[in-house]
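Colleague: Take the sequences, apply the hints, and build the full model.
Line order of the protein sequences matches chains A and B. For the first sequence, the residue numbers in numbering that gives the first Met the number 0 are 0 to 445. For the second sequence, the residue numbers in numbering that gives the first Met the number 0 are 0 to 346.
Mixed in with the good hints there might be a few duds.
[Said to hold, decoys possible] Some, not all, of what chain B presents toward chain A, calculated at C-beta under 10 Å:
(1) Ala40
(2) Val143
(3) Ser145
(4) Leu150
(5) Leu207
(6) Met260
(7) Leu263
(8) Thr270
(9) Ser296
(10) Lys308
(11) Leu326
(12) Val328
(13) Ala332
[To be verified] Cross-link-like lysine to aspartate or glutamate pairs, in silico, EDC-like; alpha carbons within 20 Å at most:
(14) A:Lys277 / B:Asp38
(15) B:Lys239 / A:Glu109
(16) A:Lys352 / A:Glu147
(17) B:Lys239 / A:Asp58
(18) B:Lys89 / B:Glu310
(19) A:Lys352 / A:Glu166
(20) A:Lys352 / B:Glu305
(21) A:Lys161 / A:Glu356
(22) B:Lys239 / A:Asp108
(23) B:Lys239 / B:Glu123
(24) A:Lys277 / B:Asp35
(25) B:Lys239 / B:Glu228
(26) A:Lys277 / A:Glu204
(27) B:Lys89 / B:Glu305
(28) A:Lys404 / A:Glu414
(29) B:Lys308 / B:Asp85
Simulated from the structure, these hints should not be mistaken for laboratory data. No experiment lies behind these values; they were computed from the predicted model shown. From the three backbone atoms N, C-alpha and C, an ideal C-beta is built for every residue, glycine too.
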Amino acid sequence: MTIVAGVAVERGLDEEPIVPVTFTEPEAAARTWTRPDDADIPPSVPESRRSTATVRAVDIIRLLGSAAASIGFTSWLFFFALPLQGVLGFVLVSYAIFVMLFALLTSFDENRPTVRDRIVSVIVHSIAFILILALFSVVIYTFGRGIEPLTHINFFTQDMSKAGPQEPLSIGGVLHAVVGTLIMITMALAITIPLGILTAVFLTEFPGRFARFVRTIVEAMTALPSIVAGLFIYATVIVTLGFNRSGFAASLAITVMMLPIVIRSADVVLRLVPGNLKEAARALGASTWRTVWTVTLPTARSGLTTAIILGTARGIGETSPVLLTAGATTFFNFNPFAGPMTSLPLTTFTFVKSPAETMIARGFGTAAVLMVLVVILFAIARAIGGRGPGQLTTRQQRSKTRQSKDDDYRFRARELGVATGARKSKPKPRSRPKTTPLSDPEGATP
Amino acid sequence: MIVDHEADSTATDLLLLESPAEVAHDSPRSLASAIDRPDAAFRVTAYGGGSIVVTIMLLVGIFLLVQGSAALQVAGPGFLAEQNWDPTGKFGIAAVLAGTIFIALTAIFFALPLALATALYISEYAPAKIKSGLVTIVDLMAAVPSIVYGLWGFFFLTPLVQPVSQWLTTYLGWIPIFTVNGFDPNDPLASPTVFAASTFIAGMVVALMVAPITSSIMREVFTQAPIGEREGALALGATKWGMIRSVVLPFGSGGIIGGTMLGLGRALGETIAVFLIISPVFVIQPHILEKGANSISALIALRYNEASKFEISALMAAGLALFLITLVVNFAASTIIARSRSGSQSD
Numbered sequence: 000m001t002i003v004a005g006v007a008v009e010r011g012l013d014e015e016p017i018v019p020v021t022f023t024e025p026e027a028a029a030r031t032w033t034r035p036d037d038a039d040i041p042p043s044v045p046e047s048r049r050s051t052a053t054v055r056a057v058d059i060i061r062l063l064g065s066a067a068a069s070i071g072f073t074s075w076l077f078f079f080a081l082p083l084q085g086v087l088g089f090v091l092v093s094y095a096i097f098v099m100l101f102a103l104l105t106s107f108d109e110n111r112p113t114v115r116d117r118i119v120s121v122i123v124h125s126i127a128f129i130l131i132l133a134l135f136s137v138v139i140y141t142f143g144r145g146i147e148p149l150t151h152i153n154f155f156t157q158d159m160s161k162a163g164p165q166e167p168l169s170i171g172g173v174l175h176a177v178v179g180t181l182i183m184i185t186m187a188l189a190i191t192i193p194l195g196i197l198t199a200v201f202l203t204e205f206p207g208r209f210a211r212f213v214r215t216i217v218e219a220m221t222a223l224p225s226i227v228a229g230l231f232i233y234a235t236v237i238v239t240l241g242f243n244r245s246g247f248a249a250s251l252a253i254t255v256m257m258l259p260i261v262i263r264s265a266d267v268v269l270r271l272v273p274g275n276l277k278e279a280a281r282a283l284g285a286s287t288w289r290t291v292w293t294v295t296l297p298t299a300r301s302g303l304t305t306a307i308i309l310g311t312a313r314g315i316g317e318t319s320p321v322l323l324t325a326g327a328t329t330f331f332n333f334n335p336f337a338g339p340m341t342s343l344p345l346t347t348f349t350f351v352k353s354p355a356e357t358m359i360a361r362g363f364g365t366a367a368v369l370m371v372l373v374v375i376l377f378a379i380a381r382a383i384g385g386r387g388p389g390q391l392t393t394r395q396q397r398s399k400t401r402q403s404k405d406d407d408y409r410f411r412a413r414e415l416g417v418a419t420g421a422r423k424s425k426p427k428p429r430s431r432p433k434t435t436p437l438s439d440p441e442g443a444t445p
Numbered sequence: 000m001i002v003d004h005e006a007d008s009t010a011t012d013l014l015l016l017e018s019p020a021e022v023a024h025d026s027p028r029s030l031a032s033a034i035d036r037p038d039a040a041f042r043v044t045a046y047g048g049g050s051i052v053v054t055i056m057l058l059v060g061i062f063l064l065v066q067g068s069a070a071l072q073v074a075g076p077g078f079l080a081e082q083n084w085d086p087t088g089k090f091g092i093a094a095v096l097a098g099t100i101f102i103a104l105t106a107i108f109f110a111l112p113l114a115l116a117t118a119l120y121i122s123e124y125a126p127a128k129i130k131s132g133l134v135t136i137v138d139l140m141a142a143v144p145s146i147v148y149g150l151w152g153f154f155f156l157t158p159l160v161q162p163v164s165q166w167l168t169t170y171l172g173w174i175p176i177f178t179v180n181g182f183d184p185n186d187p188l189a190s191p192t193v194f195a196a197s198t199f200i201a202g203m204v205v206a207l208m209v210a211p212i213t214s215s216i217m218r219e220v221f222t223q224a225p226i227g228e229r230e231g232a233l234a235l236g237a238t239k240w241g242m243i244r245s246v247v248l249p250f251g252s253g254g255i256i257g258g259t260m261l262g263l264g265r266a267l268g269e270t271i272a273v274f275l276i277i278s279p280v281f282v283i284q285p286h287i288l289e290k291g292a293n294s295i296s297a298l299i300a301l302r303y304n305e306a307s308k309f310e311i312s313a314l315m316a317a318g319l320a321l322f323l324i325t326l327v328v329n330f331a332a333s334t335i336i337a338r339s340r341s342g343s344q345s346d
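Modeller: Have a look at this one:
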């Protein structure tokens, strides 16, 4: 039956000719079978529990079999039949053969939709695996080559003012770049977070012609290349206004780059807040402001945090705007408004452009530090806002319970006409002293 | 209570009967909602925030246009056709523009399947135990700075890809884009360095860089595909792939296009990784496997430092051209997304 319906669903999309044989299968007829009253009831057999496992042994055997066969076949191709070479080539060829063999094996006992399902499943699994593998290789390779400078403690405590290209790794460090990065990103975030979230809220809460215009402009600006943002600040702040390159100029460039990204992803997240939650808040008499503050923002909190994380991560790792606006330095500089400043990615870039081996090693070390910094920020953000909407920690749960109790107390006190300290406005005198929430106008007009 | 209400309404009816003049004066109620003071303040603040953002964004665009126009007036329409970059003589962006597009297309060619499959894997196939871990890894990788990918591509990927490039040009060299000048497949001593610093390698690195963010957006939309329709498809006997094709992908098409376009925008503007890997050439280089490539952003990073005031203007014009391309890409994307069924209807 599964098979028949599977074909039916696929048919609607493919517009393939129906295979009539499938519809006259005996199993299809068996579905409407009813037991005749006078039929002999077979002796009852103890029912065995059905297996609900989604992976069958035969699937695994097929996979392993075609993998082994493809590796064998490719080895034969590479070492005996054709003059091919290269590790990557071997992997690619054997993978192609593997998929073909697996499709062939599956098609021996399954119908076409199932074969297609299995092939897609294998391809999806392997491509996802490739991406994860490649991402891990990026991390491992960077740490592998950067481990040597990282073992020297001076790498984290000194700046590069005393270290020339020929100095050993035991002299010089990148603390100045860490400081520079932190100063720049803090200044950029101080502008981006409030302005970005506010604009995203504006886009979702006050729809209209102007909001549409703002959204269009922001969407257009999402793709503003970071180097163009850097060039803009370079041309305005440094060339036209005549300021020197500084950390502040760099953080402005980062802000221009980060702002549209944060707004756009925050807007998408806020639009996904279920409308019925907001409507419920409005129906309970909350104003727009209260609805946003108590319903929309908390519901979207984890998504908003993700939006800010992704924005921060891009801002912190961006080299090009900083390259144009901060000016590179090898000294400590704590003042973002005067003198050149450097950041971790910019320092990495300067290091690896040097031909000296120690400098390249330092470059990888700096990149590793940068990655660790990103991971730490990421972990903090996850810990704060990584939960789904409505998922609370034990502490939050307790505080919500307490708050709910307080509210309950307050409401009942009001119903009884007792003034509590929590409310500023006095309950109005009513003709009917004992009311129920149904006829209470107080909630509807805040 | 109900009894109470009925009694009230009866009383009102009686009242109306007694004085019909009141009925004539009854006019439709005003539907305007009263806005209290905090709410009004909130409205003003929100509009203010939107206005500030728009002002900043428009300022960037206008400034680019004004600054770039000086160079554009000198270069004329030849700005788009000239391959050479010599601000004292003839200069144009034909070479860098073509290079930018080649790199971005190569990147999207690799990034789209990578991102789509990873998003599908995480939202549909992955066991529940590792799902959140995978989401974290992909989000984290979207956060890894481009300079790190650049280092990886320059020192690690280049030697790995060279044999593949060599194989491609040896057996598929008859396809124009895979041709490599100066490489003879029959020469056993041919140096593999002709395959280094190519559009192909830069594109692969950029692909890896944009794949996580693209995948992250796609996955978010896929997981919001309505559970009722998923179960409906499965209950009709669809295979998992049948369900994905008939429910998840149509529902997530906005996310797929939006994510890809965002990736394309990033790929077009990517600077540092490309700048590290390529060796700049100022000719249109359609042979993606061959050494030498260029992009607008790499041009800006290469030239801004020793640029005269006029060359800055020329670079601005180049930046404006890059920006216009990404603008077109983005607007095309948002139009397509607006037409498709996107996640906004999920309540």
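Colleague: All hints, please: hold or fail.
Modeller: Hints, verified against the model:
{"no.": "1", "hint": "Ala40", "in the structure": "holds (8 Å)"}
{"no.": "2", "hint": "Val143", "in the structure": "holds (6 Å)"}
{"no.": "3", "hint": "Ser145", "in the structure": "holds (6 Å)"}
{"no.": "4", "hint": "Leu150", "in the structure": "holds (6 Å)"}
{"no.": "5", "hint": "Leu207", "in the structure": "holds (6 Å)"}
{"no.": "6", "hint": "Met260", "in the structure": "holds (8 Å)"}
{"no.": "7", "hint": "Leu263", "in the structure": "holds (8 Å)"}
{"no.": "8", "hint": "Thr270", "in the structure": "holds (4 Å)"}
{"no.": "9", "hint": "Ser296", "in the structure": "holds (4 Å)"}
{"no.": "10", "hint": "Lys308", "in the structure": "holds (7 Å)"}
{"no.": "11", "hint": "Leu326", "in the structure": "holds (5 Å)"}
{"no.": "12", "hint": "Val328", "in the structure": "holds (6 Å)"}
{"no.": "13", "hint": "Ala332", "in the structure": "holds (8 Å)"}
{"no.": "14", "hint": "A:Lys277 / B:Asp38", "in the structure": "holds (16 Å)"}
{"no.": "15", "hint": "B:Lys239 / A:Glu109", "in the structure": "holds (15 Å)"}
{"no.": "16", "hint": "A:Lys352 / A:Glu147", "in the structure": "holds (18 Å)"}
{"no.": "17", "hint": "B:Lys239 / A:Asp58", "in the structure": "holds (15 Å)"}
{"no.": "18", "hint": "B:Lys89 / B:Glu310", "in the structure": "holds (12 Å)"}
{"no.": "19", "hint": "A:Lys352 / A:Glu166", "in the structure": "holds (16 Å)"}
{"no.": "20", "hint": "A:Lys352 / B:Glu305", "in the structure": "holds (18 Å)"}
{"no.": "21", "hint": "A:Lys161 / A:Glu356", "in the structure": "holds (18 Å)"}
{"no.": "22", "hint": "B:Lys239 / A:Asp108", "in the structure": "holds (18 Å)"}
{"no.": "23", "hint": "B:Lys239 / B:Glu123", "in the structure": "holds (9 Å)"}
{"no.": "24", "hint": "A:Lys277 / B:Asp35", "in the structure": "holds (18 Å)"}
{"no.": "25", "hint": "B:Lys239 / B:Glu228", "in the structure": "holds (13 Å)"}
{"no.": "26", "hint": "A:Lys277 / A:Glu204", "in the structure": "holds (10 Å)"}
{"no.": "27", "hint": "B:Lys89 / B:Glu305", "in the structure": "holds (18 Å)"}
{"no.": "28", "hint": "A:Lys404 / A:Glu414", "in the structure": "holds (15 Å)"}
{"no.": "29", "hint": "B:Lys308 / B:Asp85", "in the structure": "holds (14 Å)"}
Of the hints listed earlier, there is not a single one the structure fails to meet.
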